[in-house]
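So in full-length UniProt numbering, the last one in the sequence shown is 143, and the numbering has no gaps at all.
It should be emphasised that the hints constitute simulated quantities derived from the structure, not laboratory data.
Yeah, the Cβ is synthetic: ideal placement off N, Cα and C, and Gly gets one too.
Take the hints with a grain of salt, since some may be wrong.
Ranges between beta-carbon positions, derived for each pair [to be verified]:
no.	residue 1	residue 2	range
1	Phe16	Glu52	17 to 27 Å
2	Lys14	Glu128	21 to 31 Å
3	Pro102	Cys33	10 to 20 Å
4	Lys6	Glu91	15 to 25 Å
5	Pro34	Lys98	11 to 21 Å
6	Glu125	Phe16	27 to 37 Å
7	Glu15	Asp133	37 to 47 Å
8	Glu128	Ala41	23 to 33 Å
9	Thr9	Glu125	11 to 21 Å
10	Tyr130	Asp2	21 to 31 Å
11	Glu55	Val28	27 to 37 Å
12	Glu103	Glu52	32 to 42 Å
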Amino acid sequence: MDYHAKKFTELTTKEFFEIVKLRIAVFVVEQNCPYQEVDDADEQAWHTWLQEGSEIVGYTRIIDKGDTVTFGRVLINPVYRGKKLGNKLLEETLKVIKDNYPERPIIIGAQAHLTDFYGAFGFEEVSEVYLEDDIPHVEMRRS
């Protein structure tokens, strides 16, 4: 299984197509959440993904916020769920952040049911639960 990390301008048209197709399938269709899934942040982001053959297995996007860094759009392809690939995806994502944004704190908006998952990687809750697109989220930070 290969891991890729590319800035928007380095992506091929096919890579970006496959990424957004999967993101929309998960975040809009599966989660029944109509919103502007592809947004201006995509142009500034690092796009990272696990790939097996021609299939995207998991994906994250990393965004430089100046004093901090964030990542989001974290997903595992439904076909590959239940195989602990989220751990590998997050380990690789955190390496890209460390290599490109050393010493910067990472602040994420995590779906509330995933606080234990992110907690295992050193993230701590720093906000009350809030709704984002009708889904409970919590802000988490890793220094």
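inquiry  = Taking the earlier hints as the rules, which of them does this structure contradict?
reply    = The structure breaks hints 2, 3, 5, 7, 9, 10 and 11; every other hint is satisfied.
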